[in-house]
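Novice: Note that the numbering used here has the sequence shown beginning at 267, numbered continuously upward.
You may find that some hints are simply not true.
[Stated by the list, open to error] Straight line, CA to CA, 20 Å or less: simulated SDA-like cross-link-like pairs of lysine to any residue:
#, residue 1, residue 2
1, 349, 367
2, 301, 402
3, 490, 367
In case anyone wonders, no lab produced these hints; they're calculated from the structure.
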Amino acid sequence: LMLSQIRKCDLSFVLSDYMKHNLLMNKWHASKIVKLIPNATLQEDNTTVNNEIPIVLYVGQLIRGKGIDLAIKALSRVSEPFKFVVLGRGNDENYLKELSAQLLPGKAEFLGWAADVNQIYAGADIVVVPSRWQEPFGLVGLEAFSKAKPVVAFDIGGISEWLKHKVNGLLVYPGDSGKLAMAISSLLKNPELRQRYGKAGLELCKQHFNQLAYTNSLLQPLQKLIKPTITFPGGSSQ
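Throw the hints in and build the complete structure from the sequences for me.
Specialist: Okay, here's the thing in structure tokens:
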């Protein structure tokens, strides 16, 4: 019943072609679906922190659908030095801590939620997005790019909308922890490549995911819904 009522809305905003496709599959009218371009809030200070040991960062809920266990398993195969920092909380937190203790002894740190997320991003070398579930978009990617950080992620849902393989990061076949390990390892070995991907991500935010694009993508479709009212002499309108 709720779905049928929502279909009657004049507009449905989505963030990705993946989301648009899902609505079409659920009998939405294409003319009522509009892509909203999210605004990546850019930070003025994108100073790179030179870590003695590179930091691989995960940001998000600690639940099964986010695939943090797949990242842990992937990282257990990586021979290069690294530290895995996990920012977030969720129902799987205890399990993930136990798994990390087994597979990544001394290499994983769980921070819970931090007040200054930007500082955590600034200290990272790679951001990993190992989602199992079909991410509608994956805004964490824009957060990483706003700090000029490269992203390694599974190619699932709407992630490829912003993550361009070998341009601003690396896309990996969904659920393949072995390939995820290889992708992370390749960036750990190559600081120059990490920097190049991170700068490309930042440039994408500046050129496409900006305030003007967000405002236009939101307001223009809304303005088309507003029918001008013509007032005639005598007070009548049409």
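Novice: Assess, step by step, whether the Cα of residue 349 is no farther than 20 Å from the Cα of residue 367, and give holds or violated.
Specialist: Holds, at roughly 13 Å.
Novice: Between residue 301 and residue 402, is the straight-line Cα distance small enough, at 20 Å or below?
Specialist: holds, 12 Å
Novice: For a C-alpha distance cap of 20 Å, please report whether residue 490 and residue 367 respect it.
Specialist: Judged against 20 Å, a Cα distance of about 56 Å means the pair is violated.
This entry does not satisfy hint 3, going by the numbered hints stated previously; all others are met.
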